[in-house]
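So you can see what is in the structure, the chains are spelled out below.
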Amino acid sequence: MTPWSTLLALAGDATGSWLAQLKNLATHPWVVNLVAMAVILGANAAFFAVITLLERKGLGRIQNRPGPNRAGPFGILQPAADGIKMITKEDIVPERADQLVHFLAPLVMLAPITLALAVLPYGPQLVAVNLDAGVLFFFAIGTAGELAAFMAGWSSRNKYSLLGAMRAIAQMISFELPLVLSTLVVIMMTGSMSLVEIVAGQGSAAWGLPGWNIFTPWGLAGFLIFLTAAAAESNRSPFDLPEGESEIIGGFMTEYSGFKYAVFFMAEYFGMFAVSGLGITLFLGGWHAPFPFLEWVPGIFWYVAKLVALVFGFIWIRGTLPRLRADQLMNFSWKFLMPLALLNFATAILWHATAGWQFPGAWLCRWLVCFGIVAGAFTGLGRAMLRRRQVGPRIYRYAS
Amino acid sequence: MLTLNHFLLLSAALFSVGLAGVLARRNAIVVLVGIELMLNAANLNFLAFWRFSKNPEPLAGVMFALFSIAVAAAEAAVGLALVIAIYRHCRTTNLDQVDSLKG
Amino acid sequence: MQLAFTIIALLILAGATAAVALRNLVHCVLCLAVAFVGVAALFLLLGAEFVGLAQIMVYVGAVAILMVFALLLTRNADLPATGPLVSKSWLTGVSIAALVFGCLAIGILASGVGQAAPPSPQLSVRQIGEELMRNYVLPLEVLGVLLTVSMIGAVVIAMTDPKPD
Chain A
1 MTPWSTLLAL
11 AGDATGSWLA
21 QLKNLATHPW
31 VVNLVAMAVI
41 LGANAAFFAV
51 ITLLERKGLG
61 RIQNRPGPNR
71 AGPFGILQPA
81 ADGIKMITKE
91 DIVPERADQL
101 VHFLAPLVML
111 APITLALAVL
121 PYGPQLVAVN
131 LDAGVLFFFA
141 IGTAGELAAF
151 MAGWSSRNKY
161 SLLGAMRAIA
171 QMISFELPLV
181 LSTLVVIMMT
191 GSMSLVEIVA
201 GQGSAAWGLP
211 GWNIFTPWGL
221 AGFLIFLTAA
231 AAESNRSPFD
241 LPEGESEIIG
251 GFMTEYSGFK
261 YAVFFMAEYF
271 GMFAVSGLGI
281 TLFLGGWHAP
291 FPFLEWVPGI
301 FWYVAKLVAL
311 VFGFIWIRGT
321 LPRLRADQLM
331 NFSWKFLMPL
341 ALLNFATAIL
351 WHATAGWQFP
361 GAWLCRWLVC
371 FGIVAGAFTG
381 LGRAMLRRRQ
391 VGPRIYRYAS
Chain B
1 MLTLNHFLLL
11 SAALFSVGLA
21 GVLARRNAIV
31 VLVGIELMLN
41 AANLNFLAFW
51 RFSKNPEPLA
61 GVMFALFSIA
71 VAAAEAAVGL
81 ALVIAIYRHC
91 RTTNLDQVDS
101 LKG
Chain C
1 MQLAFTIIAL
11 LILAGATAAV
21 ALRNLVHCVL
31 CLAVAFVGVA
41 ALFLLLGAEF
51 VGLAQIMVYV
61 GAVAILMVFA
71 LLLTRNADLP
81 ATGPLVSKSW
91 LTGVSIAALV
101 FGCLAIGILA
111 SGVGQAAPPS
121 PQLSVRQIGE
131 ELMRNYVLPL
141 EVLGVLLTVS
151 MIGAVVIAMT
161 DPKPD
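Chains as they are written, first to last, in our numbering: chain A, 1 to 400; chain B, 1 to 103; chain C, 1 to 165.
Looking at chain A on its own, in the form it has when it is part of the complex (with noise of 0.2 Å):
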């Protein structure tokens, strides 16, 4: 007997029971989980090459110019042209790198983003992991990231990577706590820290606009105040700061090229994905068709529609708007979004209190009232960070 005879008659047996087989197979946890891990990597890998070309064809249009063009027809081969370039272009580690820590830290950057996107819910029965505590997993996952900065400024052993981290670290250490606070009301309200209710408690409409929570005071002024939060944590323009090119040359990622620099951009592509899956769920109503009559069409669609959304807004704001300084960077986070952001939760507490109004017009009468509160602040707050603008050189205390 021949080892091919053998391994025919062991292929006859496997075809006989092979649909029995493979329906075990297929609802095998193992089985189920990958699928879920390449279903999810892939359609995030195929976004983002969508995205970039997205990105360079808006900032293209913004600026006056056409934008990639070459690569295919109307240039929609750029990213494959791209991504050809990045994978073949030669891997250069300075010599006095630590090259252990240098190798890790674009997987320490990606890695944990890609888990984030494994909690959100993408569609009413589309979510890979339900976790009871959805929206705490994506924050502690997100610090991850800090660590990963850190790992490849410093062991680049360059003076602008060292310098590029410091200010990443710091940019994502104080955009954290705005981000967290404006998270944390919509949990308050919901009651729940899972994602899938969260997006469950916004599925009622109420006279002709969708449940979401964006259509309350403190889910407004709060998903404003994540959205910057949010540019700020994925380092998108006017917050990308950490690698100013103009400054600070690539900041962190000054030392790194070729396929490793290509992860890191893709880092930070998923990772605004993330963020923005996390926006969408927590206030734009997840999955949730915005009206009822529409309900028909798969949720996963009205997901990546506001997805584009969001990321289109992103781009948006790059063409649009300067770079900020690094100083006020801090009294933006510090002194503007995280008062804002506290002065949030009082608003949910009155709009919560308020529930049980019944003459006419109170939903607009709450409404106005939370709103105004909110409001006031942001103008009083900008006014009067405006009128002691800073002249002159800054004093660093604490970091001599």
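For the record, the hints were derived by calculation from the structure and aren't laboratory data.
Backbone N, C-alpha and C fix where the C-beta goes; we use that ideal spot for every residue, glycine too.
There's no promise every hint is true.
Which chain B residues face chain C? A few, computed with CB under 8 Å, are given here [as the list claims (entries may be wrong)]:
no.	residue
1	Leu2
2	His6
3	Ser16
4	Gly21
5	Val30
6	Val33
7	Ile35
8	Leu37
9	Arg88
10	Cys90
11	Asp99
12	Ser100
13	Leu101
With chain A's structure known, arrange chains B and C on it following the hints.
Then chains B and C, alone, in the frame of chain A:
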């Protein structure tokens, strides 16, 4: 089969490693690292006892671990601020050299 | 479960040992972060999801980052490659630690508490929240005060007076 002993032994080992670090190293920051390891070992014990107790006092172990984590964060902040203050004063964080009671 | 425990335990011990034994302090802190993540994984294994995630958030996201900042602010990151690593009485210290481990291990093995786990308790975030707001509300408030005080204290200690020159 995992038993309580596994977790307790691991926690004891973690505590001892932290203790060795605190007692043997000269650098103040490594001493803090050792202290954090010891705190983690204690948290591990709390959760292990909570998980393996027959009729658990509801959530007492979990609560203790949560509070301990929060206190550890405060401790780390103050400890590191002290290290920075000492460095500013003595230009070193070597604990063998910081032995003078008079500034 | 057993396999997961073994892997995580080895990871924790390796990370912890490296964290107190390496010469380069940045490597120490990074290894410490590995040990923290390992402990968090054990918490998840024990069924305490919330505590495990809080552990990652506080220890990896705050304590490790804080240590890294302290390292760079005290210019410890580029240590001299020579010079003694350990203090003068390091042998005593390590012996004491070994002795402590011996005593603890003997105590644990002799105590006979090594029972198997009862069926896994269902621990939801809602339960933790209700417990925090009912039975543990005073400790929670005190903790808030403690954190505020320690934050102010840390700033005051680390602050330098601006020199009028």
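These are the hints, each one checked on the structure:
1. Restraint check, leucine 2 of chain B versus chain C: the minimum CB separation of about 6 Å is within 8 Å; hint holds.
2. Residue-level restraint check for histidine 6 of chain B holds (minimum Cβ-Cβ distance to chain C is 6 Å; threshold 8 Å).
3. Taken as an interface hint, serine 16 of chain B checks out: its beta carbon lies about 4 Å from the nearest beta carbon of chain C, inside 8 Å.
4. The interface hint given for glycine 21 of chain B holds, since its Cβ lies 3 Å from the closest Cβ of chain C, which is under the 8 Å cut-off.
5. Nearest Cβ of chain C to the Cβ of valine 30 of chain B: about 6 Å, under the 8 Å cut. The hint holds.
6. For valine 33 of chain B, the shortest C-beta to C-beta distance to chain C is roughly 5 Å, which falls under 8 Å, so the interface hint holds.
7. A hinted interface residue such as isoleucine 35 of chain B counts as satisfied when its beta carbon comes closer than 8 Å to some beta carbon of chain C; here the least separation is about 11 Å, so the hint is violated.
8. Against a cut-off of 8 Å between C-beta atoms, the interface hint on leucine 37 of chain B holds, since the closest Cβ of chain C lies about 5 Å away.
9. Because the beta carbon of arginine 88 of chain B sits about 7 Å from the nearest beta carbon in chain C, less than 8 Å, this interface hint is met.
10. The criterion of a C-beta within 8 Å of any C-beta in chain C is not met by cysteine 90 of chain B, whose closest approach is roughly 10 Å, and the hint is violated.
11. Taken as an interface hint, aspartate 99 of chain B does not check out: its beta carbon lies about 11 Å from the nearest beta carbon of chain C, beyond 8 Å.
12. Hint on serine 100 of chain B is violated. Least Cβ distance to chain C is approximately 16 Å, over the 8 Å limit.
13. Interface hint at leucine 101 of chain B: violated, since its Cβ lies 18 Å from the closest Cβ of chain C, which is beyond the 8 Å cut-off.
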